[in-house]
Structures are given as C-alpha cells and as structure tokens.
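Go by the hints and put chain B onto chain A.
Residue numbers (this note's numbering), protein chains in the order written: chain A, 1 to 162; chain B, 163 to 800.
Derived by calculation from the structure, the hints in this document are not laboratory data. From the three backbone atoms N, C-alpha and C, an ideal C-beta is built for every residue, glycine too. You can take every hint at face value.
Quick list of in silico lysine to aspartate or glutamate cross-link-like pairs, DMTMM-like style, CA-CA up to 25 Å: (1) A:K130 to B:E780; (2) A:K136 to B:D709; (3) B:K274 to A:E46; (4) B:K550 to B:D232; (5) B:K552 to A:D132; (6) A:K129 to B:E219; (7) B:K548 to A:D132; (8) B:K552 to A:D133; (9) B:K793 to A:D133; (10) A:K130 to B:E503; (11) A:K136 to B:E780; (12) B:K277 to A:D47.
Label-pair distances were calculated between CB atoms; the ranges are: (13) B:K334 to A:T41: 50 to 58 Å; (14) B:K177 to A:F135: 44 to 52 Å; (15) B:G438 to A:Y147: 46 to 54 Å; (16) A:S49 to B:P521: 35 to 43 Å; (17) B:W633 to A:S49: 47 to 55 Å; (18) B:A475 to A:Y147: 48 to 56 Å; (19) B:A400 to A:K136: 44 to 52 Å; (20) B:K783 to A:K130: 19 to 27 Å; (21) A:T41 to B:T235: 28 to 36 Å; (22) A:M83 to B:L494: 49 to 57 Å; (23) B:E780 to A:F135: 19 to 27 Å.
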Amino acid sequence: MNGFFADFGGMAIGFLGAGLAAAICCAGSARGCGIAGEAGTGLMSEDPSSFSKVMIIQVIPGTQGLYGFVVWFLAITFMANAMAANGGALSVEEGLKYACACLPMAIGGGISAPAQGRVAAGTVNLLAKKPDDWFKGIMLCVVVEFYAILSLLASFIMLTRI
Amino acid sequence: MAIVKMKKLRLLAIKSQRDELLRRLQLLGCVQVSEPEKTEEGPTLARERSDVLECREEHRELTNALALLDRYTSAKDGLFAPRPLVQCSTLMDDAGEAEKLAFAREIIDQDKEIKRIQAEEMDQRNAIEALRPWLELDLPLDYQGTKNTRALIGGVPAAVDVGAMKQELAAKCPCSEIYEISNDREQHCLLVLLHVSEQEALTEALHTYWFSPMALAGTPGTARENTESAEKKLADLAKEREALTAAIAEKAPRRDELKLAVDHMSARIAQAEAAGRLQSTESTVVLEGWVPAEAEAKLGETLSAFDCAWETAEPDPEKPEEVPIKLRSNALTAPMNVLTEMYSLPAYNGVDPNPLMLPFFPLYFGIMFADLGYGLLLVLAGLFMKLKLKPRGTMNHFAGLMLEGGIMAMIFGALTGGFFGDALTWIAGFMGKEFSLPALIDPMRDTTAILIASLVLGMIQLLTGVVVNGWLNLKDGNPGDAFWNVAPVFVVFAGLGLGVAGITWIVAIVGVLMVIYAEGRASGSIGGKIGSGLYGLYNFASGWFGDILSYSRLMALMLAGSVVAQVFNSLGAMGGPLLFVVVFLIGHGLNIALNLIGCFVHALRLQYLEYFGKFYREGGKAFAPLSVNTKYVDIKED
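The shape of chain A in the complex, shown without the other chains (with noise of 0.2 Å):
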C-alpha cells in the first residue's frame, strides 16, 4: 500500500487539485452565469430587443470558469513535463505542491462567480431601467473580475515556480 501511494500517490493528489481548478470555478460560473441569465429573461420577456446586451452581461460571470481551466491546463502540462523528465512518476511532494497551486484559483474563482452573476442581475435591471447607463453596470462587474484575475495569477506563479 505504502509503495502504490509513493508511486502514484503524487499524481492522483496533482491531478486532484487541478481537477478542482476546474470543476469549482465551472461550477461557480455555472451558477453565475446562471443568476444573471435568469434575471435576463425577465427583461427578454418584455423588451426581446434586449438580446445582445443581455448576452454579453451573462457571459461576464462565466470566465471564472475559463480561469479555471486555463489553470488545470497548465497544471497538466507542467505535471506532465515534470513526470517525463522523471521517467513517468510524480513524487508525492511535487503532487502537493501542484495541488496546492491550483487552490487559490479554485477558492477565488468558485466563490467570486456568484458573487458577479449577482451584480450582473444587477446590471440587467439597470438595462432594463436605465438603458444608457447599463455600461456602467458592466464596469461593476469587472471590479469583481479583478479578484478572480488575482487568484489567476497567484495560481500560475505559483505552478510556474514549482
């Protein structure tokens, strides 16, 4: 049991915490793009002009999701580049250390999802009240994104130190 979790223990950690980059950012998205979707078609159903702006507001919430995958790919790659230079085994250290590089990307973006989906149901209702101020709205919401971008970048300068 010991010599299978030596050999193979680093990788199925690694490949976990990249896997979660992924999946949770995806999720968070989901649920994002979710919220302001929703409150989309409430104005769809009156003003079906509206499509295109509201379009644009709900993908704004769904590049967490792409942040997330951006880091489990280089995730991969990294773990594969490492585990050729090594003869095709990952050491249960270097397993953690790339785990624990994609958790800042997985907490940050699986949470900051939501939280933008809400203000860009915010910014729906702004469309739908004040039509020539919605931008505005948008401008919020990348405020949010901001957060995310950070927990991007910790994650990449991380796996690219390890």
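Just chain B, lined up with the frame of chain A:
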C-alpha cells in the same frame, strides 16, 4: 486645456424682437440662458410664456411619422452612411413647417387605420376559427325549432362520453334527439332537438354534462354562409390594408424632408425652452445667462443689430458652483472628456483634469492591454470609427480614446514581444521553423521588475496630483496650505529614499514630524494638534501605502492578459493548424473583449480613486448654450 472663463450676462430687449433675437443667439451658439433667480420675480417682472409644449408635441409627431415610414418601407440608411449636409438657413427656415406636419399626421392617421383594420381582421379570423367545428351543421345558427320542438346548439367538454350521454337522455327524455356535429380536443359540438314538454327536464340533464350554448348561436345564416362572408370581408380588409401600406411606402422619398423637419423642430424646442426662461414686462424681456469671456466680442456684434441693452460681469468667486463649465481641449486631450464626463465635471475653481490624465490613462491602458496584435485591432477600430462613422460628441472622444490606448498597447506589445500572445511562435512551428518575437521585457520572467515599475509609475502620478493640489491652494491665495500639503510628502519620500539607501534616516524623521505638524495645525489646543497630527500621520501612511500598492494591478492585468492569450495558443496548437485557427479566433476574441473592459475600468479606477483623490474638485455643471443640435443632418455654415 483649461476651464474656459465665463461671464455672467444680463440682457434687456424689446419683446417684439424676442424670437429673432433668440434665433440669432441660437445660431451663435455661445449663450446659456439660465433660470432667473427667484428674488427677481415681482409684480413688474413676469415669467415669459412659450410654446415649448406644442413644439414638443409636434416633435413627437414628426419622430413617430419617421419611425413609421422606416417600418413600412424597411428602407434603412446603411449603418455607416454619413449624415447629409444642410445649410444652416435651410434648417432654421420655418416655411413649410405646417405642410410637413400635415404630411406627418397623414402618415400617423394611415398607420392608425392600418391598426384598426388589423384588429378587425383578427376578429374575422377568430370568428372563422369559432365556426369551423359547425361547418357540417346545415341549419341556420339562429334556428329555434318548430312550434312543438326546440333546438339547442352548443357543446360539452371533450371528456364527456357522448354515447353514454345519449343513452341516458334517451331514457329520461324519449322525445329528444342529440346529434353530434363534430368533435375535437376541446369539445363535442352538439345539436339537441327536443319536444317542448321535455324542455325543463332536458335542460337540467344537459346541465350535468356542462352543456354550454355556442358563442355565435343567434347569428343568422348557417355556419358555412357565415364563414364565407367572413372570408370575403377578410379579403377586402387585406386589400384595404395593402393599399394603405403602399400609400405610406410611396411617401418614402420624402424621408429626408421629414428628418430635416425633426431636426428643425428640435431647434425650435431649444428656442422655446430658452424663451420660457426669460422674464418680461409688458414690452421688454430680460435674459440672464452665461457667455464665455472669449465670445463676448462676437456676441456684441450680433446684439448690435437689436434694440437692446446688455452687460457682462465676472462670476461671483464665492459661488463657483453656479458657473457652467466648458473645457477647452486639443486633439490629444479631447478624448479624456469621456472620463471626465463619466466622473463629474470640475468645479469652476478647480482644474481641467483632461491634460493631467493624458499621459497616464493611455499609458496604463497600454501597459495592461500590452499586445501588438490587440493594440493594432483597437487602432484600426478607432480609425474606422473616426473616418467612416464620423461620430460626434462622446462617441468621437471614445474613438480618440481607442486610438490613444491602442497605440500605447502596441508600444508595450512590442516591448513585451506579444502578438496575439505567442501566436507567431506557434505559426512558425507549424511551418517547421523556430521563431519568437524579440522582447525587451518578458512578463512571465521579469514579473518582479514590472511590479516595481508599476508602483514607481503610480508614485509619479500621485506626486503629480499632490503638486497640482498645491498649485490650486496657491491659486486660492493660501500659500500656507500649499506648502504644508506638498512639502511633507516630498520630504518623507526623499527621506525614505535616503534611509533605504543607507545614508541617513534623519530626513525621513523630519518628514514624519512635518506630516504630524501639517495634519494637526488646524486644531486649536496643543493636545488637539498632537492627537489629530498622529491620527493624520496614520491616515497618511495607510493612505499612501494603499494608493501605491493599488498600482500593482498594472502588472497583474498585463500578466493575466498574456497568460490567457498564450494558453489559448497552446490549446489550439494541440490539434493542428485547423483547430488552431478556430481556437485562435474564439479565444482571442474572448480575451480581447474581456481585457478591453477590464483594462479600461482599471485604468479608469486609478484616475478616479487614487489620482483624483489627491487634487480634484468636482461638481461643475456642463455649459449648455442655446445652439442648434441635430440628429439626422450635419450643418454647413452659410
């Protein structure tokens, strides 16, 4: 480059010349007519009446007619068609106004008629639909029965078993007969013939089956006859409707006239609104307003043609908030108007922030957007807007902002060797070659250096803000404030520099003491001075620490943009050249859209929060002179 100096204008004119005077002022476009001050209203001066409501109503009618014409003819201007050029005198000419209004009303009436016809068509279609199940019934719908029989036409719900119903009724009322005409998903359509003696019993029995009479029962003629006549009516109505639609469509060639009339009416509304702000006696009107000092001579020239008396005065320095603000910009600083207007115009005793933002905003945007390809696209989009669409006002400024930001992004893209991320490297790879753009700075490796550079840039901007604030204090006549607001900051930072370099910490300590004195000098007692001085020192330290660190976002967004771009490239490259093209288009499209908004907002935030916080005095209202504002045409001077 500055806030334009304004002068307060008071003008007394003959009432009979009112409209001509306002017309000339509108053409001049440099006088803002303000609401009269309340105190001046008395028994002699009354508020002037104007026909602004009528003008607005007529404007609405013309706009509606134009929209209708667009709808019925579907003749749209190309999105990028330039506006027609019109002589100013043609636009201002009142002749033909009544004719165009009548023309507009004709369109509106014809549209109303079309709507009425459409409603009637709907009624006829509904009737045909309702008659459809009864087509097989060859009795007139108002058939009542013979002397001893009665006829009922109606339906029962689809769930009723008609066979069982017939059996039951046959048992109860042997002299009655039920015929099923048709049935569909909703109902069975029935004709019930009964003998008068059984009427009561049968009605009761039918009731238990939810029998309800047909809606159109009582209409003369059979269902088929009714349907045929409805269809004929429908055809007539359609013909009538088409004739009306064609009649509206025929008017399409006069669309441009209508557009001109809309713009003409907008100008009339502006005039009427100005007239409504005048005060009047029996034979004179009084105009109060603002005129830029530089336009005074031009105004005098225009006014010399009228019998009027006028004077201008310097604005009251105690009330800077009442002076309207006009910013004079050159080609480079004008785009910054977008940012200034979005925040709040400066107060009259403040400073025009446009030239102060010019070096920083495009620079920060460029640092964060940093990509040769992305910047190039932005520059092309900006050029396209400027040259093809020829937008006015805010959109024109926005196009300028795209150009300035795009050029800076290209410069930093060249410095960091980014062209759609590392796309060129991959494309060269497909052709079996090794290539990468030369880069002075590599965002992935020189992250720390970029971070430090960002913070240094931030410090430069913040210190600029401090100096501007000191200059404003001097202008207000407060040299003491100017010194104590500016000097301690510089002494502290110089002292920190010397201290870190290992030379001496004394300057820094002097600086800290200066901060404590500067922050506490407004308090009365010694204890108050020390208390508020120390509190001020804490605020000073935490404020500057936070403000400077905030500029780290320059590094963060630069790095994030290029990381995402590179990941898309390597994702696409996994599947060969074809997939690369697809992923390239989608991925970079997404990344550009996101970064565009992100970099704009964060460059903006650094101006609003960190920079403006150091010096900006906001709260001015925009100078809104009586002038000709057009939507559909461009004006050519006579």
